[in-house]
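2 protein chains.
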Amino acid sequence: MSNIKKVVVVGGGFGGVAVAKQLSGCQTIEVLLLDKRNHHLFQPLLYQVATAALSPSDIAYPLRSIFSKSPNVRVVMGDVVDIDRSNRTIILEDGGRFGYDYLVIAVGARHSYYGNPEWEENATGLKTLNDALRIREKILVSLEKAERAETPEEISKYLTFVVVGGGPTGVEMAGAIAEITKKTMVEDFRKIDPKDTRVILIEGGPRLLMQYPPELSVKAKCDLENMGVTVLTEKIVTDVKSDRLFLGKDLKEEIVTANIVWAAGNEASSLMTKLNVELTRSKHVKVRPDFSLPDDDDVFCIGDCAFLTDAKGVVVPGIAPAAIQAGKYVSKLIKSRIKTGKNTHPPFIYFDKGSMATIGRAKAIAVVGPIKLSGIIAWLAWSLIHVLYLIDFRSRFAVMFSWIWSFFTHHRAGRLIIYVRRRSLDKK
Amino acid sequence: MSNIKKVVVVGGGFGGVAVAKQLSGCQTIEVLLLDKRNHHLFQPLLYQVATAALSPSDIAYPLRSIFSKSPNVRVVMGDVVDIDRSNRTIILEDGGRFGYDYLVIAVGARHSYYGNPEWEENATGLKTLNDALRIREKILVSLEKAERAETPEEISKYLTFVVVGGGPTGVEMAGAIAEITKKTMVEDFRKIDPKDTRVILIEGGPRLLMQYPPELSVKAKCDLENMGVTVLTEKIVTDVKSDRLFLGKDLKEEIVTANIVWAAGNEASSLMTKLNVELTRSKHVKVRPDFSLPDDDDVFCIGDCAFLTDAKGVVVPGIAPAAIQAGKYVSKLIKSRIKTGKNTHPPFIYFDKGSMATIGRAKAIAVVGPIKLSGIIAWLAWSLIHVLYLIDFRSRFAVMFSWIWSFFTHHRAGRLIIYVRRRSLDKK
Chain Y
269 MSNIKKVVVV
279 GGGFGGVAVA
289 KQLSGCQTIE
299 VLLLDKRNHH
309 LFQPLLYQVA
319 TAALSPSDIA
329 YPLRSIFSKS
339 PNVRVVMGDV
349 VDIDRSNRTI
359 ILEDGGRFGY
369 DYLVIAVGAR
379 HSYYGNPEWE
389 ENATGLKTLN
399 DALRIREKIL
409 VSLEKAERAE
419 TPEEISKYLT
429 FVVVGGGPTG
439 VEMAGAIAEI
449 TKKTMVEDFR
459 KIDPKDTRVI
469 LIEGGPRLLM
479 QYPPELSVKA
489 KCDLENMGVT
499 VLTEKIVTDV
509 KSDRLFLGKD
519 LKEEIVTANI
529 VWAAGNEASS
539 LMTKLNVELT
549 RSKHVKVRPD
559 FSLPDDDDVF
569 CIGDCAFLTD
579 AKGVVVPGIA
589 PAAIQAGKYV
599 SKLIKSRIKT
609 GKNTHPPFIY
619 FDKGSMATIG
629 RAKAIAVVGP
639 IKLSGIIAWL
649 AWSLIHVLYL
659 IDFRSRFAVM
669 FSWIWSFFTH
679 HRAGRLIIYV
689 RRRSLDKK
Chain G
269 MSNIKKVVVV
279 GGGFGGVAVA
289 KQLSGCQTIE
299 VLLLDKRNHH
309 LFQPLLYQVA
319 TAALSPSDIA
329 YPLRSIFSKS
339 PNVRVVMGDV
349 VDIDRSNRTI
359 ILEDGGRFGY
369 DYLVIAVGAR
379 HSYYGNPEWE
389 ENATGLKTLN
399 DALRIREKIL
409 VSLEKAERAE
419 TPEEISKYLT
429 FVVVGGGPTG
439 VEMAGAIAEI
449 TKKTMVEDFR
459 KIDPKDTRVI
469 LIEGGPRLLM
479 QYPPELSVKA
489 KCDLENMGVT
499 VLTEKIVTDV
509 KSDRLFLGKD
519 LKEEIVTANI
529 VWAAGNEASS
539 LMTKLNVELT
549 RSKHVKVRPD
559 FSLPDDDDVF
569 CIGDCAFLTD
579 AKGVVVPGIA
589 PAAIQAGKYV
599 SKLIKSRIKT
609 GKNTHPPFIY
619 FDKGSMATIG
629 RAKAIAVVGP
639 IKLSGIIAWL
649 AWSLIHVLYL
659 IDFRSRFAVM
669 FSWIWSFFTH
679 HRAGRLIIYV
689 RRRSLDKK
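Heads up: the protein sequence lines correspond to chains Y and G, in order.
Just so you know, we're using my numbering here: the first sequence kicks off at 269 and counts up by one.
Just so you know, we're using my numbering here: the second sequence kicks off at 269 and counts up by one.
Do not rely on the hints blindly, as some may be mistaken.
What the hints assert, rightly or not - Below, computed lysine-lysine pairings styled on DSS-like, alpha-carbon distance capped at 27 Å:
1. K413/G to K274/Y
2. K337/Y to K450/G
3. K509/Y to K406/Y
4. K450/G to K304/Y
5. K551/G to K337/Y
6. K274/Y to K621/G
No lab work stands behind these hints, which were simulated from the structure alone.
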């Protein structure tokens with residue numbers, strides 16, 4: 269029994285699942301995969317749940333099912349709150365403790381509220397299914413309230429939707445909200461006209477989608493404006509209240525709105541602070557070129573809670589393909605170390621497969637190496653790739669069916685107000 | 269404008285939707301359809317959401333979408349808390365008021381806790397999507413907790429599932445819980461064996477499915493027992509705590525369990541008490557043979573909040589087909605009264621299309637006139653009829669696909685723990 273090594277993986281996102289999958293079937297390794305939730309989430313499509321296009325079960329899959337045929341992988345639902353590296357033990361919120369030989373931390377990141385965590389109450393982020401369902405409910409309830417509202421001010425408050433953050437998530441959310449209000453629901457109301465909805469996308473930097481080439485930013489802005497979205501750049505949010513938000517240093521500008529979606533900033537999980545290692549400003553762990561901690565060969569951080577400039581000088585981005593590559597790399601490294609006992613391994617090199625963001629029906633942008641795409645071709649590529657990467661046959665099929673159906677009918681199946689309770693990802 | 273008559277319909281269930289559909293397009297009638305929720309729910313399949321087989325969007329459909337092409341039907345999401353008959357006005361929780369010429373109340377019923385409303389906290393009923401998601405979460409969380417539990421007592425507490433009430437809902441729930449634990453999830457755990465799950469179905473009367481012929485009750489009991497369900501009859505629940513329930517007069521017997529589903533009793537909405545008319549013990553309004561209140565020609569109660577023995581001496585049951593028939597009857601009556609001014613109308617006669625209940629995979633029972641069916645034939649009939657009655661093409665297709673997929677794979681797509689907040693249907 270003593271030659272069985274215990275690998276504990278914290279986080280069932282793209283990185284954590286990749287590690288556990290690679291180690292599945294290894295006779296000398298016992299894997300324990302921990303997550304706060306019971307499911308793996310296909311986060312790139314989360315905004316589609318938030319905007320009622322897809323159901324939660326289309327983009328989430330129970331972790332247990334992923335590993336039901338992997339007897340050496342044990343899945344436990346639990347919230348890791350501390351790491352005792354001197355005793356090689358992780359500690360759960362409910363007091364549970366698990367020992368490890370190797371530890372892989374892949375807990376991801378959360379939006380950051382620029383040091384104002386209280387803003388979250390009125391400006392929901394978009395990282396979990398719970399977040400997505402709460403945003404969806406807010407959108408739907410606001411339209412209902414607008415229909416019942418008495419004054420033009422009140423109607424305007426409910427029909428104004430503000431998305432903060434002009435990265436891919438913000439662009440996708442703004443486009444999808446414009447579609448749902450201005451197209452999908454246009455025949456549904458008698459008093460209000462959903463076409464009157466204002467959708468405002470706010471970006472602090474000089475342009476949308478800063479990580480893309482400038483011409484694609486222009487294209488995205490143009491597409492959004494054609495869909496009726498107001499794009500504001502170089503505007504910093506300085507305060508958030510339940511019925512409005514403020515812009516600019518002296519709270520000069522305000523936007524009255526009942527609907528704020530937060531898609532700005534990025535901050536690694538607060539678990540990172542328990543490691544007692546150097547962190548970036550956004551709490552990402554500065555890992556060594558093999559993802560290990562600077563002072564610990566047996567503890568690794570991968571995915572969107574690690575900061576690494578790879579051997580070619582590229583900063584590894586906090587996106588799904590990078591997390592998967594890191595997961596595969598680290599599992600290979602662990603296997604080789606267990607087999608050979610040696611700790612020499614070529615450093616990680618990130619392979620950029622390209623990136624893409626969707627804006628709306630038949631509108632997207634994509635960069636693959638030197639190639640820049642936009643419009644319907646980018647959108648078709650985006651749709652195909654996202655369906656292919658979905659985890660099981662059933663979801664692939666269900667999502668494809670939902671998309672084809674919505675494309676032709678403009679309908680969305682998920683427009684249900686169910687009352688989801690708030691569950692913050694990062695309570696500590 | 270004065271010849272336009274206002275018909276207010278409270279409740280977007282089978283009865284209310286039937287009324288609004290029949291009156292859609294009538295030039296002399298303006299319909300206002302009110303519901304606490306924004307969706308029509310296909311309640312007969314709700315237990316499948318509770319047991320993770322279907323997603324909420326498969327069995328619910330926004331009311332607004334149903335009537336988007338009916339300009340004379342206005343849908344408002346609101347909670348009716350009082351009815352001022354002398355002023356022909358309904359009053360909403362938020363203070364909103366709407367006048368009516370004709371009022372149709374179709375708010376349905378809720379499970380009854382035999383005068384112990386505090387039991388609901390630990391014994392969720394199954395009437396809304398919110399209920400279903402809470403039950404689903406409880407089942408999934410209990411299995412997770414069992415996997416982490418330390419003592420046999422604790423494991424047994426989490427792996428014991430009690431369903432109270434041996435009517436169709438109770439039978440369906442017990443069967444589905446047995447399937448999900450003993451089949452679907454059998455490979456997913458490492459420490460516990462989901463086959464060890466105890467599923468106990470408790471009925472106060474002498475047999476299950478009292479409204480069906482005795483031989484079908486025997487068949488259902490036999491099928492359930494073959495699936496591993498323990499069926500207890502003539503047992504009355506006398507107390508419910510968070511971790512156990514008591515049976516019998518002197519709290520003699522107790523069952524330690526973290527999972528209680530309540531599918532017993534039936535009580536009309538408390539709104540009925542605001543009408544100041546005679547109610548049955550279960551708060552159903554004793555209506556006249558045309559569903560009007562005894563003292564009010566212009567106010568009707570239909571569906572599972574009304575009590576009526578029809579002209580042939582049959583008690584109209586509280587099920588979907590009866591509510592739809594009542595809705596059609598009442599809308600016809602209102603149209604004819606508006607047209608002719610006369611208030612003579614043949615009394616309602618219920619047409620019994622038969623009834624059916626499903627027990628599990630390829631197991632169901634059905635009664636159609638003198639014909640009694642069971643086994644796979646009844647189950648196929650049940651599946652076909654439920655799919656046909658689902659409201660739109662998309663849901664029909666999605667449900668059929670989910671069922672066929674689950675039938676062959678034993679998988680269930682909805683096994684996600686999302687954290688749904690409790691929202692009681694009847695708070696007042």
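>> If you test the structure against every hint from before, which numbers come out violated?
In response: Failing hints, ascending: 5, 6.
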